[in-house]
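Engineer: Take the sequences, apply the hints, and build the full model.
If you want the building blocks of each chain, they are given just below.
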Amino acid sequence: MNKAAQQHMTYRQAVREAMREAMQKDDRVFLMGEDVGRYGGCFNVSEGMLQEFGEDRVVDTPLSESGFTGCGIGAAAAGMRPIVEIMTVNFSLLAADQIINTAAVLYYMSGGQFNVPVVIRMATGGGKQLAAQHSRSLENWYAHIPGLKILTPATVEDARGMLWPALEDPDPVLIFENSTLYNYEDAYSGNGHTVDISTARVRRAGSDVSILTYGIGLHKSLKAAEQLSKQGIEAEVVDLRVLRPLDNETVFASVRKTHRAVIVDEGWKSGGISAELSARITESLFYDLDCPVERVCGAEVPAPYARHLEQASLPQPQQIIETIQKMGGIHG
Amino acid sequence: MPSLGSQMIEARLIQWLVKPGDTVKRGDIIGEIDTEKGLIDIEVFEDGVVTELVSEEGEVIPVGSVMAVIDGEDEGEKAKAKLASPPEEPEKKEPRKKREKAATPPEQPETASREVPLHRVKASPLARRVAEDLQVDLSKVKGSGAEGTIHKKDVEAFAKQKAADETFEKELDMAEHLSAAGTGGMRQAIAAAMSRSNREIPHYYLETEIDMKVPLDWLNEQNKERAVSDRLLPPMLLIKAVANVLTELPALNGFWTDEAMHVEEGIHIGFAIALRQGGLVIPAILNADLKSLEETRSAFVDMVMRAREGHLRSREISSATITVTSLGERGADKVYGVIYPPQVALVGFGKIAKRPQTVDGAIGIRPTLSVVLAGDHRASDGHTGSRFLEKLNEQLQHPEAL
Amino acid sequence: MNDTEAVIKKHLHRVAPEANLDQLRPEDDLGNALDIDSMDFYTMMVALSEEFGVEVPEEEYGQLRSLKSITTFLERSVNRPMDS
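Residue numbers (full-length UniProt numbering), protein chains in the order written: chain A, 1 to 332; chain B, 1 to 402; chain C, 1 to 84.
Some hints could be false.
[Stated by the list, open to error] EDC-like, lysine to aspartate or glutamate: derived pairs with alpha carbons at most 16 Å apart:
hint : chain 1 : residue 1 : chain 2 : residue 2
1    : B       : K224      : C       : E60
2    : B       : K224      : C       : E55
3    : B       : K224      : C       : E59
Source of the hints: derived by calculation from the structure; they are not laboratory data.
Structural biologist: Right, here's the structure in full:
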């Protein structure tokens, strides 16, 4: 494990190291999915793992999301600890019945006889010119479902540290990895330690406005916060990390302090996690708000293919900055 | 008891000039009160017959309380006209309406809705909570947000200002109590107003020297034709010139209240008059811009005489929208004035004296006048102030047009 | 003190009631000695002009600054027909 001690690590390496470590630690853990073996994963995450762990533990599956996700769920119910990789959230729709109608409710439907300790990893998000069918951020939908735990690691540390507790969790956990983050590199000296999968984290402290975000939105928000700081506006950036169950406590503490909230989410506003957060804040912190809750979200259109249009359809730091500058009472 | 200024709380009734049964007309002087601004005559704003004198001579009466009852002659009914300042007039109609309503079945919702302000205050939830904590009336707060939405910082700023005002009022209150002791009260009132000014108003000063040869020559020519009692004096020209300039630069005419500039439509030039017994009063020449120079002259003479005798009218003492002070032909060369809050400017005219001046490229000895404009930097900037001085000079160089 | 002076002092007393007129010397500049301003002076001159029934020509007005000069002017004017 000398790799884990190295000074820098990419997000991709972090996910791979997490999987390797889990498989080394626990025989019940195995990886299955499309192209995870011979091809090394469609985002190259599992490269080398087939050679290291063999065909029994790194399983290339047929192109049938419903089928192999169901296999993973069954294996979990039977006592294994499968990591199911679905290439992207877009294809998870084919496995939605397995995830929502089986994994999320089996414990309840079986009267507590079966847990489903499966971990389903998938890439999410746009920004890679993959057009309307391959650029969605549907983690919002899964966060709607009781019985599922939804993780959205945004940092190398989380990518590295969230998998093991997810595997230890007795219920199905979905991990959404924003595909534009795989090449993101950061200092890492965690030496393989795990992180909690229940709380949000304040990534940047500030006093004037709370930016609530996750995944790629964290990085755009931090960029915006740096710019705003030069203008005398101190934004607090909260990385949600877990979309279900939401960590109300951390979010509320921040908004109670700043009296302003902006939610940054690549997903669409309508019925999305941004709507949920906004509602919770208004329900619980109405008298702490000094201005309406704002949202910077993906444009409600099918993701455009053209680069400039796609970029325009996604939340960008400039948009976050402008939204915050216009918030009532923010200056002075 | 009429309010003769935003800071006035009460005044002592010195004497009644009417008795029950007397018929009074709008504009009649019916009594005399002693305020921190000196002795003031009370005008009546209603025609009618005095039926009752409620206040007794010597009594200290809070602003807004009923001092006398006048039976109005209008509408032929017994309308109780409160003897008070005009803004309170609409109130007197309310009770009558309600009494009429009482005959019909009770309409509670309507009565209730009357208490709800027509214009709903837009304030953030936090601002509302803070306002409650700080006991701030949100309807008085000016919001800084979109469409005037009130945010927390607006409430806090207002509360801070209110605290300052209350300190000021306490000081004034003290002054009122001292006023029984004679001019000490006026001293205290001046002290309170000037302290507040110095504390709150960021003054800027702009100064220029005006060649007075043309206006003084013109004045002398005019006076040759006039009886001594109709003489034109320099301050009359100066007041008229200031009034004319203000029509073009309204930003200097008005009040800074609730953290904002409120330009006044009427141009009422307050003129500082020193009293021989000490202190000063600042009665206003009302609507000076609409008066001719001749009207300004007679208003000025009349006002100064009455100021010296302690017979200023309530409206004159409370309406100034800007102050002019002139040191005349004696005294200091220049005057750097202290703005009288909530006004936003003061024009100080120094002594008119012969001084060397560049005239047509050579040094000449001319009568000159130094003008210092004191401006409230919250309400206006130096640019406006400079234009004021420039235009004032233009006005004075064409006295015939004043 | 002649009658004219007494009348002038009466009017001076009206505009400057607290001033000690006994100490006023004939040549003293009234403005400086009694701290009276142009309006006070104007008030007094109007009153004198009425009491003595004389007009005060513009060229004289500015010269009348002391008890002496006013006395001289008034006495001279009274002994002169008004319509000269």
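Engineer: For the pair we were handed, K224(B) and E55(C), check the Cα-Cα distance against 16 Å.
Structural biologist: Within the cut-off at roughly 11 Å; holds.
Engineer: Within a Cα-Cα threshold of 16 Å, do K224(B) and E60(C) meet the stated pairing?
Structural biologist: Judged against 16 Å, a Cα distance of about 10 Å means the pair holds.
Engineer: Does the structure keep K224(B) and E59(C) at a Cα separation of 16 Å or less?
Structural biologist: 8 Å, holds
In summary, the structure agrees with every hint in the numbered list given earlier.
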